[in-house]
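Construct the entire structure; sequences and hints are all you get.
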Amino acid sequence: NAGVMQNPRHLVRRRGQEARLRCSPMKGHSHVYWYRQLPEEGLKFMVYLQKENIIDESGMPKERFSAEFPKEGPSILRIQQVVRGDSAAYFCASSPSSPTGTLYGYTFGSGTRLTVV
Amino acid sequence: DAKTTQPPSMDCAEGRAANLPCNHSTISGNEYVYWYRQIHSQGPQYIIHGLKNNETNEMASLIITEDRKSSTLILPHATLRDTAVYYCIVRPLNNAGNMLTFGGGTRLMVKP
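Those protein sequences? They're chains A and B, same order as listed. Those letters in the first sequence? Residues 220 to 336, by the numbering used here. Those letters in the second sequence? Residues 8 to 119, by the numbering used here.
Worth flagging that the hints you see were computed from the coordinates, not collected in a lab. By construction, the Cβ of each residue, glycine as well, lies at the ideal position given by its N, Cα and C atoms. Be careful, since some hints might not be right.
Taking lysine-lysine pairs in the DSBU-like style, the calculated list, with each CA pair at most 30 Å apart, reads [to be verified]: (1) B:LYS59 x A:LYS263; (2) B:LYS10 x B:LYS76; (3) A:LYS290 x A:LYS246; (4) A:LYS263 x B:LYS10; (5) A:LYS263 x B:LYS76; (6) B:LYS59 x B:LYS10; (7) B:LYS59 x B:LYS76; (8) A:LYS263 x A:LYS281; (9) A:LYS270 x A:LYS281; (10) A:LYS290 x A:LYS263; (11) A:LYS263 x A:LYS246; (12) A:LYS281 x B:LYS10.
Covered stretches of chain B (chain A as the covering partner; in silico rule of three or more C-beta atoms under 8 Å from a C-beta of chain A) [to be verified]: (13) 49–56; (14) 106–119.
The calculated label-pair distances, taken between Cβ atoms and stated as ranges, are [to be verified]: (15) A:THR334 x B:SER16: 19 to 29 Å; (16) B:ASN64 x A:SER249: 46 to 56 Å; (17) B:ALA20 x A:ARG233: 43 to 53 Å.
Written out as structure tokens, the structure is:
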């Protein structure tokens with residue numbers, strides 16, 4: 220049973236370009252969470268999605284950032300017009316929908332390290 | 008904001024037990040205590056969780072005080088591969104939408 224898959228592992232973008240980060244949740248998991256970790260800092264919640272729905276985006280910056288989790292395919296975190304301050308590790312986690320299923324917490328992917336040059 | 012307090016760093020000798028404390032004095036009755044760790048450059052990894060009873064699994068033991076205001080994660084025989092940042096998190100278990108709120112964690116350094 221494959222874990223949470225994130226790609227790419229490393230992404231380099233020039234200032235002003237777009238960054239697209241992908242996350243495929245574990246099989247049977249219908250909830251996806253995105254976290255950002257700035258260098259030498261802790262993980263900060265960004266957004267929580269279910270299939271075709273954004274449930275909580277309270278941690279998302281107001282501009283340039285968007286997320287989706289379509290009916291088919293992976294969840295996508297999109298950053299438009301990247302700036303150097305966007306350089307960070309972006310982690311995706313998934314969980315099943317039932318309260319019992321979430322008892323053991325979330326499963327995290329290995330992250331995408333975005334570097335803006 | 009994180010609802011837990013942990014020491015920023017700890018050292019432990021290889022082969023000895025590592026005892027990582029966590030204060031969660033404002034924990035609610037429906038909140039569990041979770042422990043995760045993050046090894047350098049990797050995603051967080053679930054370790055263990057508990058409500059009020061002590062818990063043990065193949066990775067660690069979790070000791071929760073009777074008043075539930077603090078807990079201790081115990082790695083019984085620490086190895087160099089246990090060097091990581093350890094996060095103590097409280098979270099209610101009523102639905103999947105309760106995201107994890109990470110604090111600063113404890114940076115555990117296991118030394119040979």
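Each hint tested on the structure:
{"no.": "1", "hint": "B:LYS59 x A:LYS263", "result": "27 Å, holds"}
{"no.": "2", "hint": "B:LYS10 x B:LYS76", "result": "11 Å, holds"}
{"no.": "3", "hint": "A:LYS290 x A:LYS246", "result": "14 Å, holds"}
{"no.": "4", "hint": "A:LYS263 x B:LYS10", "result": "14 Å, holds"}
{"no.": "5", "hint": "A:LYS263 x B:LYS76", "result": "24 Å, holds"}
{"no.": "6", "hint": "B:LYS59 x B:LYS10", "result": "17 Å, holds"}
{"no.": "7", "hint": "B:LYS59 x B:LYS76", "result": "10 Å, holds"}
{"no.": "8", "hint": "A:LYS263 x A:LYS281", "result": "15 Å, holds"}
{"no.": "9", "hint": "A:LYS270 x A:LYS281", "result": "22 Å, holds"}
{"no.": "10", "hint": "A:LYS290 x A:LYS263", "result": "26 Å, holds"}
{"no.": "11", "hint": "A:LYS263 x A:LYS246", "result": "25 Å, holds"}
{"no.": "12", "hint": "A:LYS281 x B:LYS10", "result": "25 Å, holds"}
{"no.": "13", "hint": "49–56", "result": "holds (count 6)"}
{"no.": "14", "hint": "106–119", "result": "holds (count 7)"}
{"no.": "15", "hint": "A:THR334 x B:SER16: 19 to 29 Å", "result": "27 Å, holds"}
{"no.": "16", "hint": "B:ASN64 x A:SER249: 46 to 56 Å", "result": "26 Å, violated"}
{"no.": "17", "hint": "B:ALA20 x A:ARG233: 43 to 53 Å", "result": "47 Å, holds"}
Consistency with the previously given hints fails for number 16 only.
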